[in-house]
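Chemist: Now for the letters of each chain:
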Amino acid sequence: MENLTWTGSLGTILYPTLLAAAGLFAIAVVLQILTSLVVEPYRAQTLPDGRLSRRGGAIGLIERAPQYLLWALILVVLGYLVGGVVAPYGKAGIVGAISKQLTPVWIALVLTYAASIRYKRRLGLYGKLFDSTVGMIGFGIVMFWVYTAFFSSVGGMIATHDPLSQVSGLKNKLPGTAVPNATDFAMGAHYLLGGDNLARDVFSRMVLGSWEVVKIAPLATMFAFMVGITLGVPAGYYGGKLDTVLSFLANLILAFPVILLFYLLVTPEIVLTGIPSYMAAVLFLFPVLFATVFLNARFRTDPMKRNVILGVVVGAMVWAYLSLISQPGTVMNFLPAALDLFNIPPGILVVFVSVVFVNSPTVFRIVRGLTLDLSTRDYVAAAQTRGEGPWYIMLWEILPNARGPLIVDFCLRIGYTTILLGTLGFFGLGLPPESPDWGSTINEGRKLLSIYPHPALPPALALLSLVLGLNLLADGLREESLRD
Amino acid sequence: MGLFVLRRFGVMILTALCLTFVVFVLTNLEPNLEKLAKTQGNARMSDEQVETWLSNRGYHRPVAVKYGEWLGVLPGYVIEGTDGETRGRCLRGGVDPADAARFCGILQGDWGFSTVFKEDVWKIVLTRLGQTAKLMGWVMAVMVPSSLIIGVLAGMREGSKLDRSLSTVSIVTTATPEYVSGVIFITVFASSAVGLKWFNGSATSAMEDITFLNFTLPVMTVALYGMGYIARMTRASMTEVMTAQYIRTARLKGVSFRNIVLKHALRNALIAPLTTQLISDIGYVFLNPRIRIS
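Respectively, the protein sequence lines represent chains A and B. Throughout the first sequence, residue numbering follows the working numbering, covering 1 to 484 in sequence. Throughout the second sequence, residue numbering follows the working numbering, covering 485 to 778 in sequence.
Be aware that one or more of the hints could be misleading.
[As the list claims (entries may be wrong)] Some chain A residues well away from chain B (every beta-carbon gap over 10 Å; in silico): (1) Ser36; (2) Pro163; (3) Asn197; (4) Leu449; (5) Ala460; (6) Leu468.
[What the hints assert, rightly or not] Here are the computed lysine-lysine pairs in the DSSO-like style, where the Cα-Cα straight-line distance is at most 27 Å: (7) B:Lys681 with A:Lys171; (8) B:Lys747 with A:Lys447; (9) A:Lys100 with A:Lys171; (10) B:Lys737 with A:Lys447.
For the record, the hints were derived by calculation from the structure and aren't laboratory data. Built from N, CA and C at the ideal position, the CB exists for glycine as well.
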């Protein structure tokens, strides 16, 4: 069984094209920036037939060349990916094989984009995202990882090997090495991105590591937002003593070095005392409180309806809350097993709690600032004159108007949480050591980094791209929400 | 103004007290003390032995009292142990109980003794602080000018190609935490297998003497993450200034673009990032865990 090269026979045609396009693109970008420093920007005029004029001559060419070359570059990369999907396994090398493995992700991405662009005028802020290139790129990267995570863990599709199984003879082997006893040229015959220090498949671990991020980061951020909003809105609206005390507490947590806090919270001795469980009990209470106050403020005037809605929603939430905090084997184990809906692995719960705890003070400060600003508006004064209750004004008048900055910050904060999760894994805190999450894999690959860089690079680039995608998405959302 | 500074200072001290107290409580929890006794004494101690070991050394007293002693506002303990030996907070290093000081805490300059490093905590803190200051001095020296230049160049013509490319660069840097950029830099610049092999991948030798070879990568790694934030902030402030009325006036007067940027816009644009961001950034880089690339 022979090893795979990076691009196989496909590369013989495409590789020179790629090199040429990339080189020319780099030169063109530098040229364009240099000319833009010297030459005045061009003002396009409307021609009689309704089209816009553009600059001709050498300068015009320099201005437009990067655009054309970028398209050429994208085409070549697309050629690699499509070629990999179409060509039989192994013909298109490692890149092609990876692209073939990711086929479900490509299909899902294409369907998402086609549907979203088709109906973008009816989709509100989400649809407007597709008017901005930056937002579209960011959304694409984020959705790529979301779909990868989903298909690889729930669907069991993308990974070629079990993330924990070791194949002897593949320790620290380079990308594209064939599995010793594989016979036919098919999926799983090679370690696509090489083997790590324990002879496990780097590609499968990277792909499955995305699930660790996708299942924790957004949820943890959501809880942090619940805590931040529930405390921040009244602090900003009422001000006074409440504001002083809460702000002091928030600053106190912010002044804590994050890593020290993690070390203190995650050590087994502290987990034994149950402090994380108590913190979970407090932090997870906030969504229930928020929902109760939120619905009560809205339907207070109609007690019958209020009681029904509150009974159903809050009842379900309380049940979920109780089964969330009740864990066999910890200090909080009160719910009988028949009523306990789900149990979170204790390591993940601790990580979750620490991440929520660290993130919520920042959200609190943002929400408080927004509320301070918005509570001087006329519609708040109008609501006060109407005799609305303070909670109605806070949650149904002020909060919806603060949604723009909050959505943008939500995207940024998921990225920050991803970095935080990586830090936790990197320092070996919380998550089990064999877990495929990106931080742990980077930390493991770091030890032999200068000799074998290939086990550490894929998770590092994966983390970088996901956070980058989230930042670009936030940028696109900000641009579009500022426009109206 | 004086009152404001005084109040801020008070809040700062209160915060420091609360923080140290929380850390103190968490490290003094029962399981932690048991671990301490077993690592310091004997790993196979029975529960009773752990109890006597801890109470002989004054660990089994209220946390508030221990914290007060550590702070130096309560007199240090002197306990005659069950094994006949007298131990006390101020009796370390064979000081005679008769002429030992009553208070020995932070306020008296006694930071305690690290049982892990077998050295005075104060000395450890000093050496670490020195190394951190060295690294951070270089980081600030690289990060601040480059990020300000990027921010100003991007902000002077909003929406231009230069702005777009520089903004992309700063977004990428904010998306690269230290442990990712460290991995990438080592692969590209310091790996013995691939890449350019320019620098040393290990900064261990930089503890004694700093050279360009062994210190470039750590400085670049730490500087990169902070750079994006300052650059974006500078850019925002610069674009705001460039749309101001006095810039338009200067332009109408016929001042060249170069002079507008350098003489009129720059001064006002740099106020916001320099005051707010950089000061908190100095704190941030010090708080930030040092990722030692080795």
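Chemist: Now, for every hint given, state plainly whether the structure supports it.
Modeler: Hints and how they fare:
1. The claim that A:Ser36 is not at the interface with chain B is violated, since a C-beta of that chain comes within 10 Å of its own (minimum 6 Å).
2. Every C-beta of chain B lies more than 10 Å from that of A:Pro163, the closest at about 20 Å, which supports listing it as non-interface.
3. The non-interface label for A:Asn197 is consistent with chain B: the shortest C-beta to C-beta separation is roughly 14 Å, beyond 10 Å.
4. The beta carbon of A:Leu449 is not kept farther than 10 Å from every beta carbon of chain B, the shortest such distance being approximately 5 Å.
5. Remark: the non-interface label on A:Ala460 conflicts with the geometry, its nearest Cβ contact in chain B lying 4 Å away (cut-off 10 Å).
6. Against chain B, the non-interface label of A:Leu468 is violated: not every CB pair exceeds 10 Å, the least being about 4 Å.
7. Proximity of B:Lys681 to A:Lys171 is assessed by CA-CA distance (about 24 Å); at most 27 Å being required, the pair is judged to hold.
8. Taken as a hint, the B:Lys747 and A:Lys447 pair is broken in the structure, with Cα atoms around 50 Å apart against an allowance of 27 Å.
9. Distance restraint check for A:Lys100 and A:Lys171: the Cα-Cα separation of roughly 25 Å lies within the 27 Å cut-off, and the hinted pair is therefore satisfied.
10. Distance hint between B:Lys737 and A:Lys447 is unfulfilled; the C-alpha atoms sit about 62 Å from each other, more than 27 Å.
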